[in-house]
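Chains as they are written, first to last, in my numbering: chain U, 304 to 707; chain F, 304 to 707.
Treat each hint with caution, since some may be false.
Copies of the same chain look alike in the list, so a pair counts if it fits in one copy or across any two.
[Claimed, not checked] Taking lysine-lysine pairs in the DSBU-like style, the calculated list, with each CA pair at most 30 Å apart, reads:
hint: 1; residue 1: K666; residue 2: K328
hint: 2; residue 1: K587; residue 2: K666
hint: 3; residue 1: K365; residue 2: K653
hint: 4; residue 1: K637; residue 2: K365
hint: 5; residue 1: K332; residue 2: K666
hint: 6; residue 1: K441; residue 2: K328
hint: 7; residue 1: K328; residue 2: K653
hint: 8; residue 1: K328; residue 2: K667
hint: 9; residue 1: K407; residue 2: K441
hint: 10; residue 1: K653; residue 2: K516
Bear in mind the hints are in silico, worked out from the structure with no lab data behind them.
The model shown is predicted, which means the values in this text are computed figures rather than measured ones.
2 protein chains.
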Amino acid sequence: MKYVDGGVCAAKGFTAAGTHCGIRKNRTKNDISLIFSERRASACAVYTQNLVKGAPIEVTRKHLEDGCAQAVIVNSGNANTCNANGVYIAEETAKLTSKALGIKTEDVIVASTGVIGQQMTIDPFAAGIPVLVKLLSKDGCDDATEGIMTTDTVKKQVAVEFEIEGKKVRVGGIAKGSGMIHPNMATMLVFITTDCAIVPAMLQSALSDCVRKTFNMISVDGDTSTNDMVSVLANGLAGNELITWKNDSYDAFYKGLYAVMEGLCRKIAKDGEGATKLIVCNVKGGKDYETCAICAKSVISSSLLKAAMFGADANWGRVLCALGYSGADIDVTKVSIAFESSAGRINVCKDGFGIDFSEDNAKKILTENEILIDITVGDSDFSAKAFGCDLTYDYVRINGDYRT
Amino acid sequence: MKYVDGGVCAAKGFTAAGTHCGIRKNRTKNDISLIFSERRASACAVYTQNLVKGAPIEVTRKHLEDGCAQAVIVNSGNANTCNANGVYIAEETAKLTSKALGIKTEDVIVASTGVIGQQMTIDPFAAGIPVLVKLLSKDGCDDATEGIMTTDTVKKQVAVEFEIEGKKVRVGGIAKGSGMIHPNMATMLVFITTDCAIVPAMLQSALSDCVRKTFNMISVDGDTSTNDMVSVLANGLAGNELITWKNDSYDAFYKGLYAVMEGLCRKIAKDGEGATKLIVCNVKGGKDYETCAICAKSVISSSLLKAAMFGADANWGRVLCALGYSGADIDVTKVSIAFESSAGRINVCKDGFGIDFSEDNAKKILTENEILIDITVGDSDFSAKAFGCDLTYDYVRINGDYRT
Numbered sequence: 304m305k306y307v308d309g310g311v312c313a314a315k316g317f318t319a320a321g322t323h324c325g326i327r328k329n330r331t332k333n334d335i336s337l338i339f340s341e342r343r344a345s346a347c348a349v350y351t352q353n354l355v356k357g358a359p360i361e362v363t364r365k366h367l368e369d370g371c372a373q374a375v376i377v378n379s380g381n382a383n384t385c386n387a388n389g390v391y392i393a394e395e396t397a398k399l400t401s402k403a404l405g406i407k408t409e410d411v412i413v414a415s416t417g418v419i420g421q422q423m424t425i426d427p428f429a430a431g432i433p434v435l436v437k438l439l440s441k442d443g444c445d446d447a448t449e450g451i452m453t454t455d456t457v458k459k460q461v462a463v464e465f466e467i468e469g470k471k472v473r474v475g476g477i478a479k480g481s482g483m484i485h486p487n488m489a490t491m492l493v494f495i496t497t498d499c500a501i502v503p504a505m506l507q508s509a510l511s512d513c514v515r516k517t518f519n520m521i522s523v524d525g526d527t528s529t530n531d532m533v534s535v536l537a538n539g540l541a542g543n544e545l546i547t548w549k550n551d552s553y554d555a556f557y558k559g560l561y562a563v564m565e566g567l568c569r570k571i572a573k574d575g576e577g578a579t580k581l582i583v584c585n586v587k588g589g590k591d592y593e594t595c596a597i598c599a600k601s602v603i604s605s606s607l608l609k610a611a612m613f614g615a616d617a618n619w620g621r622v623l624c625a626l627g628y629s630g631a632d633i634d635v636t637k638v639s640i641a642f643e644s645s646a647g648r649i650n651v652c653k654d655g656f657g658i659d660f661s662e663d664n665a666k667k668i669l670t671e672n673e674i675l676i677d678i679t680v681g682d683s684d685f686s687a688k689a690f691g692c693d694l695t696y697d698y699v700r701i702n703g704d705y706r707t
Numbered sequence: 304m305k306y307v308d309g310g311v312c313a314a315k316g317f318t319a320a321g322t323h324c325g326i327r328k329n330r331t332k333n334d335i336s337l338i339f340s341e342r343r344a345s346a347c348a349v350y351t352q353n354l355v356k357g358a359p360i361e362v363t364r365k366h367l368e369d370g371c372a373q374a375v376i377v378n379s380g381n382a383n384t385c386n387a388n389g390v391y392i393a394e395e396t397a398k399l400t401s402k403a404l405g406i407k408t409e410d411v412i413v414a415s416t417g418v419i420g421q422q423m424t425i426d427p428f429a430a431g432i433p434v435l436v437k438l439l440s441k442d443g444c445d446d447a448t449e450g451i452m453t454t455d456t457v458k459k460q461v462a463v464e465f466e467i468e469g470k471k472v473r474v475g476g477i478a479k480g481s482g483m484i485h486p487n488m489a490t491m492l493v494f495i496t497t498d499c500a501i502v503p504a505m506l507q508s509a510l511s512d513c514v515r516k517t518f519n520m521i522s523v524d525g526d527t528s529t530n531d532m533v534s535v536l537a538n539g540l541a542g543n544e545l546i547t548w549k550n551d552s553y554d555a556f557y558k559g560l561y562a563v564m565e566g567l568c569r570k571i572a573k574d575g576e577g578a579t580k581l582i583v584c585n586v587k588g589g590k591d592y593e594t595c596a597i598c599a600k601s602v603i604s605s606s607l608l609k610a611a612m613f614g615a616d617a618n619w620g621r622v623l624c625a626l627g628y629s630g631a632d633i634d635v636t637k638v639s640i641a642f643e644s645s646a647g648r649i650n651v652c653k654d655g656f657g658i659d660f661s662e663d664n665a666k667k668i669l670t671e672n673e674i675l676i677d678i679t680v681g682d683s684d685f686s687a688k689a690f691g692c693d694l695t696y697d698y699v700r701i702n703g704d705y706r707t
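So that you can see chain U by itself, here it is in the shape it has in the complex:
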């Protein structure tokens, strides 16, 4: 498998575009994006489990009932959530998009991100959508990625290429997400495209399983958004034999999808609001995957641990504390903890007790911008990884006055 450029345009038959249509006041930043497949594609999505859901999620869920879609329309700057006319806006957006593209309204995925509970009108969509359709191109991924960003500071794109039965297959995705990130069964806005030929049921299976191990393992701030959504479009143009069951081709596709999704996860966590570093926590040896996952997610979600990482402080007691309150069934006398980065590795706790270590060395390791917290909780072969970031002054600054 190799990494390639192009994000959602990497796979055959996909084009994208982004522009400014007036939802945001800042005219220099795109606020609406379109992704298009020249052929109607297998499509599926997973959504936030928050009881409060954005109106676009309701509309998209209906449109994906038949397992097919051909376009994705997304705006930033307004989440279209808790608005009295929210469903109307989302439905009209799909209609305008289908009309401009000459496709069925039910084949349009709609998504929104931004402030909750702000009134909006259909006017900017009516103005922007025809422009987007004209702009659609194989080089449009950068513009489309910009169009979905809110407090993100970097564009998040990952694409891979691999083979299925000798045919080149590509999977590519873009993501936005920086704050209100603690996905539950779903995630931030993530759009993935692939030219793999695969039926909707298999696509949904691969997506759901990957989401559980990737996006559901990120936390920036413990807040589960109302608008999380990951969608995949698979248009089959790679020419592989249609994947209809869990055979070797499915496994190959799964690995490709996983690589794209883990790559996007790392980018989202590293670009968490105000973050200066990526924190990955690996937990192995629990009695099952879930036990390891609960431990890993508890550690990267701890505000105290996140602040300590910002300060490059090897305060491992906070790691142990977070394991202890995680709810996971573990034996704390079997816990070992190490910190690792490109500057080296240091063991700080063994069998639940502290061990002597060099504070200078620990400081050097924790000053890097990608930190691994490596934890063993027992003897099994199960393991899980979670993705987070440090807690910084800038997180507070950004969120102290987000709406202005």
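Use these hints to put chain F onto chain U, whose structure you have.
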């Protein structure tokens, strides 16, 4: 019921003291405290549910098996948690205390707070305990309170006086706690004394119920400490008839205990690490108390909401979002939200949708240092209150380098 001074020394027969014994490097701050009852008292405690527990908790739990105690010895500066010799240190501390006071070792409650996983020796205890015994006095509560503080910026004491069968009864408490505060079934270090005559089983019942509604409803940072403990000593010197069942006297005692505990809760939340304001969230109308409690705690635990409160930003979408992911069974179309402070009250959301409000007025209300977020989720008479604080630059500063 009236509020009185004196904290743990307010009730008859209790004295206290605090001093510096060398556990902390800073010699100007007390690091060890003693509370003493002239008569052996009914005693009970609740403890952290974190799987990782401080060694003193193990020892105290054993000592309270008979429902009686006469003294509390507490140090700050080192949590005595995850130390290989932790239980030995805690047991020796109890022995030294009992010897110096001439009481049974099993009648000593031991507690510690500070950094986890730092080695410690018995030497500072051996030096400090005899000094403490000499210092014991009716005016010692301030010194004792200082001796248990870590990042706390204010001393937290509350005491009340009320009558049972014409006898004056007092309940008083002191608390420490500023960070790593998200108690689960237990809480920070809290020591309460009363001269009420009450059997251990009734004392435990009142304590457990009050803890559920007060300390378990605070969150500063979502991190449940390894050393949380609330203990109560009741020495019976008020002269009321011994409370042995849930009669009117029990109810009167319960109200007094609740008042002390809610008062300490508000002080702890307001003095949360880095906090500039107290946030109280009141939720009413859920299908039971638990539903209201889950909602209220989810709101005051949201990092995004806490940062918005720091910025005096009426971003009510974050309140609704936190209700939605709380896990509580509520109908989001019945949610109404108002912000209130000494500067006024403003409605921002009705039936799940935003309503027009004056941003200027909202800003004025949220700039005060005690904010009420008042939420209705349905028609029932159930309600619950949770206590939190804002998330500020200083929280990050304090926790970026806590150990130095």
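Do the hints match the structure? See the list:
1. K666 to K328: Between. Shortest inter-copy distance 22 Å satisfies the 30 Å Cα cut-off; intra-copy 43 Å does not.
2. K587 to K666: within (25 Å within a copy, 48 Å between copies)
3. K365 to K653: between (52 Å within a copy, 27 Å between copies)
4. K637 to K365: between (48 Å within a copy, 24 Å between copies)
5. K332 to K666: between (39 Å within a copy, 28 Å between copies)
6. K441 to K328: Answer is within: at 28 Å inside a copy they meet the 30 Å cutoff, but 64 Å across does not.
7. K328 to K653: Intra 54 Å, inter 27 Å, cutoff 30 Å: inter-copy only.
8. K328 to K667: Only across copies: K328 and K667 sit 25 Å apart there, 43 Å inside one copy, limit 30 Å.
9. K407 to K441: within (22 Å within a copy, 82 Å between copies)
10. K653 to K516: Within one copy, since 27 Å is at most 30 Å while 37 Å is not.
Going through the hint list in order, the structure satisfies each hint without exception.
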